[in-house]
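Trainee: Sequence:
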Amino acid sequence: MTTLTIKDETALGDVLHETQLHFETTSVTIADIIKNRVTTEVTAYNQRQTAHFKGFVQPTAAEKILNGYRLKKPKPIDVEKQVYVALDAFQKNGFFILVDNLQADSLTQKVEIRPTTTVSFIKLTPLVGG
5 MTTLTIKDET ALGDVLHETQ LHFETTSVTI ADIIKNRVTT EVTAYNQRQT AHFKGFVQPT
65 AAEKILNGYR LKKPKPIDVE KQVYVALDAF QKNGFFILVD NLQADSLTQK VEIRPTTTVS
125 FIKLTPLVGG
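102 is the number that this note's numbering gives to position 98 of the sequence shown; each next residue is one higher, with no gaps.
If you are wondering where the hints come from, they were derived from the structure by calculation, not from laboratory data. Check the hints yourself; a few may be wrong.
[As the list claims (entries may be wrong)] Listed next, the in silico DSSO-like pairs over lysine-lysine satisfying Cα-Cα at most 30 Å (straight line):
#, residue 1, residue 2
1, Lys-114, Lys-79
2, Lys-11, Lys-79
3, Lys-58, Lys-11
4, Lys-114, Lys-76
5, Lys-76, Lys-127
6, Lys-11, Lys-127
7, Lys-11, Lys-114
8, Lys-79, Lys-58
9, Lys-68, Lys-127
10, Lys-114, Lys-127
11, Lys-76, Lys-58
12, Lys-114, Lys-58
13, Lys-11, Lys-85
14, Lys-79, Lys-96
All figures in this text were calculated on a predicted structure; none of them were measured in a lab.
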């Protein structure tokens with residue numbers, strides 16, 4: 005099992021959130037990183053289903069609050085829909101990803117995970133879905 009630390013950052017480089025993702029291999033794609041991140045966040049939420057969701061993609065019918073989103077009525081969030089929204093947003097420049105301070109340019113770009121690998125998500129627009 006390989007662990008990768010990812011960070012959410014502002015365009016100015018301020019770290020807003022940091023979490024760890026786990027992978028079976030040391031070679032992954034940008035799409036794998038996005039899918040793993042969104043799946044991990046949504047699965048954790050679906051297990052507890054509170055009114056507060058702290059994730060990368062804003063669920064449909066949720067309002068933005070400090071450090072996350074508030075759902076009017078707690079309900080399961082569709083993992084596949086959230087993953088689709090995030091992958092689509094990456095392709096449309098809704099956010100970008102830096103791997104070791106270099107911008108990733110495609111979903112198929114390979115990333116070799118080493119202990120020093122840093123991955124940062126910089127969100128440019130709110131991502132709404134699921």
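Trainee: Need the list of violated hint numbers for this structure, in ascending order.
Mentor: Violated: hints 1 and 4.
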